[in-house]
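Assemble the whole structure, with the sequences as input and the hints as a guide.
So the sequence lines, in the order shown, correspond to chains A and B.
Positions 0 to 313 (numbering that gives the first Met the number 0) are the ones given, in order, by the first sequence.
Positions 0 to 390 (numbering that gives the first Met the number 0) are the ones given, in order, by the second sequence.
Any given hint could be a false lead.
[Claimed, not checked] Cβ-Cβ distance ranges computed for the label pairs, FRET-style: (1) A:Lys62 to B:Lys185: 48 to 56 Å; (2) B:Asn190 to A:Ala1: 36 to 44 Å; (3) A:Gly207 to B:Phe212: 54 to 62 Å; (4) A:Gly123 to B:Asp47: 16 to 24 Å; (5) A:Gly207 to B:Glu180: 38 to 46 Å; (6) B:Lys185 to A:Ala309: 24 to 32 Å; (7) A:Lys89 to B:Glu87: 51 to 59 Å; (8) B:Gly354 to A:Gly159: 45 to 53 Å; (9) A:Pro157 to B:Lys219: 32 to 40 Å; (10) B:Gln45 to A:Arg18: 43 to 51 Å; (11) A:Lys295 to B:Gly354: 47 to 55 Å; (12) B:Asn190 to A:Ala309: 39 to 47 Å; (13) A:Ala309 to B:Gly354: 50 to 58 Å; (14) B:Glu180 to A:Lys88: 25 to 33 Å.
[Unchecked claim] Derived DSSO-like pairs (lysine-lysine); straight-line CA-CA distance at most 27 Å: (15) B:Lys186 to A:Lys88; (16) B:Lys242 to B:Lys274; (17) A:Lys90 to B:Lys194; (18) B:Lys194 to A:Lys62; (19) B:Lys231 to B:Lys186; (20) A:Lys62 to B:Lys378; (21) B:Lys185 to A:Lys89; (22) A:Lys90 to B:Lys242; (23) A:Lys295 to A:Lys4; (24) A:Lys92 to B:Lys186; (25) A:Lys88 to B:Lys194; (26) A:Lys92 to B:Lys242; (27) A:Lys90 to B:Lys15; (28) A:Lys269 to A:Lys311; (29) B:Lys36 to A:Lys90; (30) B:Lys186 to A:Lys90; (31) A:Lys166 to A:Lys294; (32) A:Lys34 to A:Lys252; (33) A:Lys88 to B:Lys274; (34) A:Lys89 to B:Lys194; (35) A:Lys37 to A:Lys90; (36) A:Lys94 to B:Lys185.
If you are wondering where the hints come from, they were derived from the structure by calculation, not from laboratory data.
Backbone N, C-alpha and C fix where the C-beta goes; we use that ideal spot for every residue, glycine too.
Okay, here's what each chain looks like letter by letter:
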Amino acid sequence: MASLKELSAREEIVAPGHRLCPGCGAAIVSRMVTKAAKNPLVVACATGCLEVSTTIYPYTSWKSSFLHVAFENSAASLSGTEAAYRALKKKGKIKEDIRFISFGGDGGTYDIGFQSLSGALERGHRMLVICYDNGAYMNTGIQRSSATPRGADTTTSPAGKEAYGKKEYPKDLTACVVAHDIPYAAQASPSHWNDLMKKVEKALEVDGPSFINVLSPCPLGWRYPGEESIELARLAVETGFWQLYEVENGVYKMNYNPKERKPIREWLEKQGRFRHLFTPANEHILQELQEYVDKKWDRLLKLCSITEEANKTK
Amino acid sequence: MRQAMTGNEAVAYAMKQINPEVVAAYPITPQTGIMQKFADYVANGQVDTEFLTMDSEHSAMSATIGASAAGVRAMTATSSNGLAYMWEIVYIAASYRLPIVMPVVNRALSGPINIHCDHSDTMGCRDSGWIQIFSENSQEAYDNAVQALRIAEHPDVMLPVMITLDGFIISHALETLSTYEDDKVKKFIGNYIPKHPLINPSQPVTYGPLDFFDYYFEHKRQQAEGMVNAKKVIQEVGRAFEKEFNRSYGLFEEYRMADAELALIVLGSTAGTAKAVVDMVREKGYKIGLIKIRCFRPFPEEELAEALKRIKVLAVMDRSLGFNGVGGPLFNDVRAALFGRNAEIKVVNYVYGLGGREITPNDIWNICNNIRDINLTGKVQSSVNYVGVRE
Ligand SMILES: Cc1ncc(C[n+]2csc(CCOP(=O)(O)OP(=O)(O)O)c2C)c(N)n1
Ligand code: SF4
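Listed below in C-alpha cells is the structure:
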C-alpha cells in the first residue's frame, strides 16, 4: 500500500467546500476511497446525500469525471461507461488506464439499486462499487432502509408507545454480493483507514467487479455530535456490529479480530436513534441485539476457516 | 441492394452498418428480433460493438446513457412495458442532451397485457424530450434508422431519437427493401466527435449535477430549443438522404393533397392501407388526400396547418387513446396546430386499432364516407369516434 507520504502527495479527488454535514461519514469515505486510487477515475453516484451535496450546479467537488443518472442505477449507468471505455481502448482512441468507481448509499445499493448492482456484478464489468452505509435514507429525512439496524428510531420506523423502532435485522448485502462469486468483496470502516484504503487498492487491481461496503456514520441520522464520527465507526467495529473482512475469490478473511469485543451497548448508547432502547421495557431488545452480533461473528469466523480450508485442498 | 427482411431485421441491419460502440439489450416482444439479429452480428464479428445483455430495460437505458455520456455511439431498443419501465431514465437521456438512437417497436401498454400493435407506448413519452420519427414500412424503418444518428448528433439538436415501427405489422412482416452499401451508409453518418465526453482524463466533466431553481429553468429552456431546431435539421438530413439514396423524407408526407377538400391524418403502417383507400375513394369523385406524419416530435405545427389550408373536413386517426376525455393524442396536437390558423376546418377523431385490432380498407372507407357526409351536411355528430370496436 502507498505510504502516508505518497498519499498526502496525491491530488484530492473530492475537493473541500461540498455541502455534506460536518462529520459526515460519506465525505470521509469518498475522500479516502478516491485517494487510494492511482489511476484517473470516472465516478458514478446514486442519488443521495453524497451526490446532492457535492455537485450543486455550477459547482462540483469532483476533480474526476462524474456521472449521476438516478437513484437506483449507478451500477447500471457505469456499466455503459465502462463498456464504452473498453470499446475506445480496443480502437486505440484512449491510452490512459482508467478505473471506474460507483458510489451509492445503502438505500441506493441495498434496496432500489439492488437489481442494477446485481446485473453489473453478473456481467463482470471492471468497476468498484462502494456502498457508503449510513443505515437509512438520510437525504430524504432519515427513513428506514433494509440496512437500518433493528431497534433504530427512524422517521418511518419510529419508536413509540407500542414500537421500539425498526423491527427487522439489516439485510446482509455483503453476503448477497459475495454470492455473485466476484473476485473481490469486503467490508470496511473509515476508523480503520489503512485497512479501507488497502482494500480499495486491491479492489481496483482485480480484473472484474469488486465491492466494498463501508460503514458511514451520519451525525444527523444517528444523532450524535459530528466530531465523534470516527469514534462511532470504531465502536461499531470494536463491538462487532460492523465486521472488517474481505472475500477474495471466495476465501473469507477477517481483517480485524479484537481480543475482546466490546458489548454492543457501548455503540448503541452513544446514538440518539437507540436512546429508547435503554428503558426496562426494551431491555430485551438490547439482549437480542447482542445475541445477533455474537451469532454473526461466529458465523463469519467459521466462514473464514471453512473457505480457507477448502481453498487449501483445491 | 434489394433484400427481403422483416422490419426488425431491417433495423438490425442498419444498426450493423452504424456499428455503435455500445448496444444494451433487454428482450420484449415484438422488439426482441432486433437484438437477436444484432447479437448474431456480434457473435460473427460483423460489428465490433460492446454488446451488453442487461438485467432490465431500466438498466439498459441507464447503460446507454453511461456509454453515450462516455463519448461513444450507444443504442438500445424496446417496446411497450419496456419503454414504460425506462420512462424515468428516458427523460434523463434527453435532458443530458445525449444523441442516443432507440428503435421502438410499437406495442400496446399493459394492462390488460397485450403484445400487439398500438401507439400507446411511445405516446406515453411523447413529451420526454425525445425526437420521435414514425415509419410506414420496413424500408422507412431502415431509412429512418440511418438518418436518426445525423439528426441526434447535430450540434443544434443534441437530443435522443426514437424511431418507431409498428409491432408485428412491420416488425415481423417480410418485405423487400433497398439497402445501401456499408461504406455509403458510413459516409452518410460520418464520424462522431463528442463534445464533452466523460472519458477524457485531461478534461473531467460532471454529468447530472443537482440543478436548483437558479439554473434548472435555463437548462430546460435550452433543451426545448434543441427540439425546435430539430425540425430544420430533420428536413436537411432528409434532403441529404434523398441526394444520396434517392428517397425523399420530410416532416410528413402529403398524398394527393394538392386539390383535396377532405383529408386523413395517420401515423405508421396504416398509411399504406389508407393510401390505397384514398385512391379508391378518389375514383368515386371525392377530393380526398392523406397526410402521414413522420416526425411526431417535434410536432410540425406550422407546416401542417399550411398543408391543411384548403381542407374542409379532416379525419385524425389515432392508434392510441388519450385519457384526457377529449380524444387521442394526435387529434389533440392537430387541433392545437389548427387553432387560430384555420377556424373553418372540422376536425374529427377516429380511434382505431388498439391492442392490434385490425383496421380494414373498409373501416377507412367508412371514415372517408363519414367525413364526406360531414362536409355535405356541415354537422359533426361526434368529434371522437371509435372504429372497429364493439360498443
Ligand atoms: C426513484 C426514486 N425514488 C425516490 C427518490 C427520492 N430519494 C432521493 S435520495 C433518497 C434516499 C437516499 O438514501 P441512501 O441511498 O441511503 O443515501 P443517503 O441519502 O443516505 O446518502 C431517496 C429516497 C428518488 N430520487 N428516486
Ligand atoms: S445527513 Fe448524514 S449522510 Fe447526509 S450529509 Fe448529513 S451526515 Fe452525511
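Taking the hints in turn, this is what the structure says about them:
{"no.": "1", "hint": "A:Lys62 to B:Lys185: 48 to 56 Å", "in the structure": "violated (37 Å)"}
{"no.": "2", "hint": "B:Asn190 to A:Ala1: 36 to 44 Å", "in the structure": "holds (40 Å)"}
{"no.": "3", "hint": "A:Gly207 to B:Phe212: 54 to 62 Å", "in the structure": "violated (43 Å)"}
{"no.": "4", "hint": "A:Gly123 to B:Asp47: 16 to 24 Å", "in the structure": "holds (19 Å)"}
{"no.": "5", "hint": "A:Gly207 to B:Glu180: 38 to 46 Å", "in the structure": "holds (40 Å)"}
{"no.": "6", "hint": "B:Lys185 to A:Ala309: 24 to 32 Å", "in the structure": "violated (53 Å)"}
{"no.": "7", "hint": "A:Lys89 to B:Glu87: 51 to 59 Å", "in the structure": "violated (31 Å)"}
{"no.": "8", "hint": "B:Gly354 to A:Gly159: 45 to 53 Å", "in the structure": "holds (49 Å)"}
{"no.": "9", "hint": "A:Pro157 to B:Lys219: 32 to 40 Å", "in the structure": "holds (38 Å)"}
{"no.": "10", "hint": "B:Gln45 to A:Arg18: 43 to 51 Å", "in the structure": "holds (50 Å)"}
{"no.": "11", "hint": "A:Lys295 to B:Gly354: 47 to 55 Å", "in the structure": "holds (52 Å)"}
{"no.": "12", "hint": "B:Asn190 to A:Ala309: 39 to 47 Å", "in the structure": "violated (52 Å)"}
{"no.": "13", "hint": "A:Ala309 to B:Gly354: 50 to 58 Å", "in the structure": "holds (55 Å)"}
{"no.": "14", "hint": "B:Glu180 to A:Lys88: 25 to 33 Å", "in the structure": "holds (29 Å)"}
{"no.": "15", "hint": "B:Lys186 to A:Lys88", "in the structure": "holds (23 Å)"}
{"no.": "16", "hint": "B:Lys242 to B:Lys274", "in the structure": "holds (25 Å)"}
{"no.": "17", "hint": "A:Lys90 to B:Lys194", "in the structure": "holds (19 Å)"}
{"no.": "18", "hint": "B:Lys194 to A:Lys62", "in the structure": "holds (18 Å)"}
{"no.": "19", "hint": "B:Lys231 to B:Lys186", "in the structure": "holds (21 Å)"}
{"no.": "20", "hint": "A:Lys62 to B:Lys378", "in the structure": "violated (67 Å)"}
{"no.": "21", "hint": "B:Lys185 to A:Lys89", "in the structure": "holds (19 Å)"}
{"no.": "22", "hint": "A:Lys90 to B:Lys242", "in the structure": "violated (31 Å)"}
{"no.": "23", "hint": "A:Lys295 to A:Lys4", "in the structure": "violated (37 Å)"}
{"no.": "24", "hint": "A:Lys92 to B:Lys186", "in the structure": "holds (20 Å)"}
{"no.": "25", "hint": "A:Lys88 to B:Lys194", "in the structure": "holds (19 Å)"}
{"no.": "26", "hint": "A:Lys92 to B:Lys242", "in the structure": "violated (32 Å)"}
{"no.": "27", "hint": "A:Lys90 to B:Lys15", "in the structure": "holds (17 Å)"}
{"no.": "28", "hint": "A:Lys269 to A:Lys311", "in the structure": "violated (43 Å)"}
{"no.": "29", "hint": "B:Lys36 to A:Lys90", "in the structure": "holds (24 Å)"}
{"no.": "30", "hint": "B:Lys186 to A:Lys90", "in the structure": "holds (19 Å)"}
{"no.": "31", "hint": "A:Lys166 to A:Lys294", "in the structure": "holds (18 Å)"}
{"no.": "32", "hint": "A:Lys34 to A:Lys252", "in the structure": "holds (24 Å)"}
{"no.": "33", "hint": "A:Lys88 to B:Lys274", "in the structure": "violated (50 Å)"}
{"no.": "34", "hint": "A:Lys89 to B:Lys194", "in the structure": "holds (21 Å)"}
{"no.": "35", "hint": "A:Lys37 to A:Lys90", "in the structure": "holds (24 Å)"}
{"no.": "36", "hint": "A:Lys94 to B:Lys185", "in the structure": "holds (25 Å)"}
The structure shown violates the earlier hints numbered 1, 3, 6, 7, 12, 20, 22, 23, 26, 28 and 33.
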